[in-house]
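Visitor: Using the sequences and the hints, build the whole thing.
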Amino acid sequence: DYSVHELLKIDPKYRSIGILADRTGAGPQIFAADEAVKATNTEVCMIECPRDTEGGAGHGCLIVFGAEDVSDARRAVEVALSFVGKHFGDVYGNSAGHLEFQYTARASYCLEKAFGAVVGKAFGITVGAPSGIGIVLADTASKTATIDPIAIATPGNGGTSFSNEVNFFFTGDSGAVRQAIIGAREVGKQLLKALEPSEPLESGTVPYI
Amino acid sequence: DYSVHELLKIDPKYRSIGILADRTGAGPQIFAADEAVKATNTEVCMIECPRDTEGGAGHGCLIVFGAEDVSDARRAVEVALSFVGKHFGDVYGNSAGHLEFQYTARASYCLEKAFGAVVGKAFGITVGAPSGIGIVLADTASKTATIDPIAIATPGNGGTSFSNEVNFFFTGDSGAVRQAIIGAREVGKQLLKALEPSEPLESGTVPYI
Amino acid sequence: DYSVHELLKIDPKYRSIGILADRTGAGPQIFAADEAVKATNTEVCMIECPRDTEGGAGHGCLIVFGAEDVSDARRAVEVALSFVGKHFGDVYGNSAGHLEFQYTARASYCLEKAFGAVVGKAFGITVGAPSGIGIVLADTASKTATIDPIAIATPGNGGTSFSNEVNFFFTGDSGAVRQAIIGAREVGKQLLKALEPSEPLESGTVPYI
Chain V
1 DYSVHELLKI DPKYRSIGIL ADRTGAGPQI FAADEAVKAT NTEVCMIECP
51 RDTEGGAGHG CLIVFGAEDV SDARRAVEVA LSFVGKHFGD VYGNSAGHLE
101 FQYTARASYC LEKAFGAVVG KAFGITVGAP SGIGIVLADT ASKTATIDPI
151 AIATPGNGGT SFSNEVNFFF TGDSGAVRQA IIGAREVGKQ LLKALEPSEP
201 LESGTVPYI
Chain A
1 DYSVHELLKI DPKYRSIGIL ADRTGAGPQI FAADEAVKAT NTEVCMIECP
51 RDTEGGAGHG CLIVFGAEDV SDARRAVEVA LSFVGKHFGD VYGNSAGHLE
101 FQYTARASYC LEKAFGAVVG KAFGITVGAP SGIGIVLADT ASKTATIDPI
151 AIATPGNGGT SFSNEVNFFF TGDSGAVRQA IIGAREVGKQ LLKALEPSEP
201 LESGTVPYI
Chain U
1 DYSVHELLKI DPKYRSIGIL ADRTGAGPQI FAADEAVKAT NTEVCMIECP
51 RDTEGGAGHG CLIVFGAEDV SDARRAVEVA LSFVGKHFGD VYGNSAGHLE
101 FQYTARASYC LEKAFGAVVG KAFGITVGAP SGIGIVLADT ASKTATIDPI
151 AIATPGNGGT SFSNEVNFFF TGDSGAVRQA IIGAREVGKQ LLKALEPSEP
201 LESGTVPYI
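Chains as they are written, first to last, in the working numbering: chain V, 1 to 209; chain A, 1 to 209; chain U, 1 to 209.
A hint or two may mislead.
One copy or two, it doesn't matter: identical chains are merged, so the pair holds either way.
As the list claims (entries may be wrong) - Under the rule of at most 25 angstroms between Cα atoms (straight-line distance), these lysine-lysine pairs were calculated in the BS3-like manner:
id, residue 1, residue 2
1, Lys9, Lys113
2, Lys143, Lys121
3, Lys38, Lys189
4, Lys38, Lys13
5, Lys9, Lys193
6, Lys143, Lys193
7, Lys113, Lys193
8, Lys189, Lys121
9, Lys121, Lys193
10, Lys113, Lys13
11, Lys13, Lys86
12, Lys86, Lys38
13, Lys143, Lys13
14, Lys143, Lys9
15, Lys189, Lys113
16, Lys13, Lys193
17, Lys121, Lys38
18, Lys38, Lys143
19, Lys9, Lys86
20, Lys189, Lys13
21, Lys193, Lys38
22, Lys13, Lys121
Hints in this document: simulated from the structure, not taken from any laboratory.
Quick caveat: nothing in here was measured; it's all calculated off a predicted structure.
Guide: So this is what it looks like as C-alpha cells:
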C-alpha cells in the first residue's frame, strides 16, 4: 500500500517490495542479499538488525528489496535465500557465544549500505560473541595481513543493537582480506571452544572461506 | 521519595504512583492502562518498553501512573490488571514469533502518549514478529479498509527497542479500523502458522476484536 | 594492532589492553574492575553493557583495561576476576527477574566512568528486574537513609540497553549508603519472591553487604 511505503521511506518508484526477515543471523542474510542485488534489477531499501537470536548474543535481520516489477522483487528474495546456506558456512556457535566470518571478492550495494563496504572491492567481516572475543578477532585479523579497516561495531557504539558482539569490517586486496579472516577464525575457534570445551563447535553448513 | 520522583521526572503534584511492569507484552498492558486512565483520576507519567519477552522477539513494559491520592493510584493498577487478560485476547505466538492486534473505539491519554493515538477516536495496532510479517500486516491492514496511518515502528527506527517486530498504528472510522485489523489478523495467522506448521497458534485468552 | 586501537578510541599510550567480557552481569564485573583499577597501574578505557543475560532481563558486559605494560594489563584482569565472585554475592534471581546490590566504601575511576560515582566516596547501587521492582527499590533506598541520589536508569532512558531493569545509583556517608541498600534488599527479596513463591531466591555466592 502506498501509505505504508511512505511511512517506511521507500522510494515510490519501487511498486513492489521483497522481504527477507529472520530471528537468527544478520551477516549471512546481508551477504546473501548482496548476491541478490548483483543478480537482479533491485535495490536494498532497508536493512535493520533487531537484538534477537532467540536468547543468544546476536542479531536477527530485516531486509527489504525494492523493485519496479513484482517478478524482480520475487527473484531477489529467491536468489538471497539460495545464498543464505553458503553464508552460514563460517558461523560457529556454542552455548557460550558465536563466531561469524564472511568474505566476498567484490562487494555490491547491499554491503555498502549495511557496513560501509567499497563497491567492487573485496570485503570481509569478523564477528565474535561474547564481545571480548570480537576484539581479539579484530586485532588478529589486522595483524595477520595488510588490510584497510573500515569500522568496528561494539555493544554500545551504535553499530550493533546492544548485542553482545564486537564486529570488524575491512576491505583491501582480495588475498589479504581472506588471509586476515582465516587467521582470525583459527584464533576465534580456540577461544570460544575454551569457554565450553565439552561442546562441539562446528558450522551448521559448509565453510566457504 | 521526592528525589526519586524528581529523577524520574514525575510531576511533584502526584504524591502517589502506581506501577505496572512485566517481562512479556507491551501492547496488552498499554491498552489496559488506557482503560485505567479513562476510569480513574490518574495520569500515565511514564511508559517504557524494554527489549524482553524472556528470549522472545518482543518487548516487556513499564507503566507508571501518577495520582494525587494513593487510593487513585491503587485503583488505576487494579483497573489495568482487570483489562490485561482481555487485551491478550488477540495475541498469538509460536516458537517462530508472535502476532498482536489491539483495537479501541475511543483512545484516551495513555494510547496518545504511547503511540500517538488521537484522543476520543478509534485506534488500532498490528504487530508482527519476526519483523517481515509485521510489514505484510501493515500492508494488508491499509489495503483492507480506508484508515489513517499514524506510524510504523521497525526494529531499528526508534519506535521499538530493537525488538524483532514491525508495528503499525492507525486511526480512522471505528468500523474501518476494526475491519483493517480483522483482515491483517487473517493473513498474519496464516504466515506465522506456515513458519511452524506443527505447533498450535492460539490466543492464551479470548479474542475480543 | 594500532588501527584497531584507533577505531576503539583507546589512547595510543596504552600499548596493551586487558579484556573482561561476559554474557550475564554488568554490576559485579564493573565493581570488580574498580578494585582492579585501584590495585594496578591501568585505566578502564571502555565499559559497554550489551542487552544480554542469555534471555534474562539484564545486561552482559565488556570492559577494556588500558596499560602501558602487558604485565599490568594481565594483572588488572586477574585482580578483577578475583573480585567477581564477591560482587555476585548480592545478586538474587529467579525465573521472574533479578535483584542486584553493590556497595563500596571508596569508589574509584571505573565506577566514576560507568555510573558517575564520586571518586574516593562511598557508592551504592540497587538493581531490580522486572523494572517495576527497581522503582520500588530506589524509593525504599532513599527513604531508608539520607543518601545523595546520582541517577536512575530505566529501560528506555539511555542508562540501560533497553534491559528490563530500573537501576539507582547513589553516594553519601558510608554508613547511610550501606543502610539504604540493606533496606532496599529486604523489600526487593520479598517482592521478587512473591512473583515466584515456589522457587528459591538465593545468591549464587556469599552476600557481602
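Visitor: For every hint, state whether the structure bears it out.
Guide: Each hint, compared with the structure:
no. : hint               : verdict
1   : Lys9 with Lys113   : both (15 angstroms within a copy, 24 angstroms between copies)
2   : Lys143 with Lys121 : within (20 angstroms within a copy, 42 angstroms between copies)
3   : Lys38 with Lys189  : neither (31 angstroms within a copy, 34 angstroms between copies)
4   : Lys38 with Lys13   : within (19 angstroms within a copy, 44 angstroms between copies)
5   : Lys9 with Lys193   : neither (43 angstroms within a copy, 29 angstroms between copies)
6   : Lys143 with Lys193 : within (22 angstroms within a copy, 48 angstroms between copies)
7   : Lys113 with Lys193 : neither (33 angstroms within a copy, 32 angstroms between copies)
8   : Lys189 with Lys121 : neither (27 angstroms within a copy, 43 angstroms between copies)
9   : Lys121 with Lys193 : neither (33 angstroms within a copy, 41 angstroms between copies)
10  : Lys113 with Lys13  : within (19 angstroms within a copy, 34 angstroms between copies)
11  : Lys13 with Lys86   : neither (32 angstroms within a copy, 42 angstroms between copies)
12  : Lys86 with Lys38   : within (16 angstroms within a copy, 49 angstroms between copies)
13  : Lys143 with Lys13  : between (45 angstroms within a copy, 19 angstroms between copies)
14  : Lys143 with Lys9   : between (41 angstroms within a copy, 18 angstroms between copies)
15  : Lys189 with Lys113 : neither (29 angstroms within a copy, 33 angstroms between copies)
16  : Lys13 with Lys193  : neither (49 angstroms within a copy, 32 angstroms between copies)
17  : Lys121 with Lys38  : within (13 angstroms within a copy, 47 angstroms between copies)
18  : Lys38 with Lys143  : neither (31 angstroms within a copy, 32 angstroms between copies)
19  : Lys9 with Lys86    : neither (31 angstroms within a copy, 34 angstroms between copies)
20  : Lys189 with Lys13  : neither (46 angstroms within a copy, 30 angstroms between copies)
21  : Lys193 with Lys38  : neither (36 angstroms within a copy, 32 angstroms between copies)
22  : Lys13 with Lys121  : neither (29 angstroms within a copy, 33 angstroms between copies)
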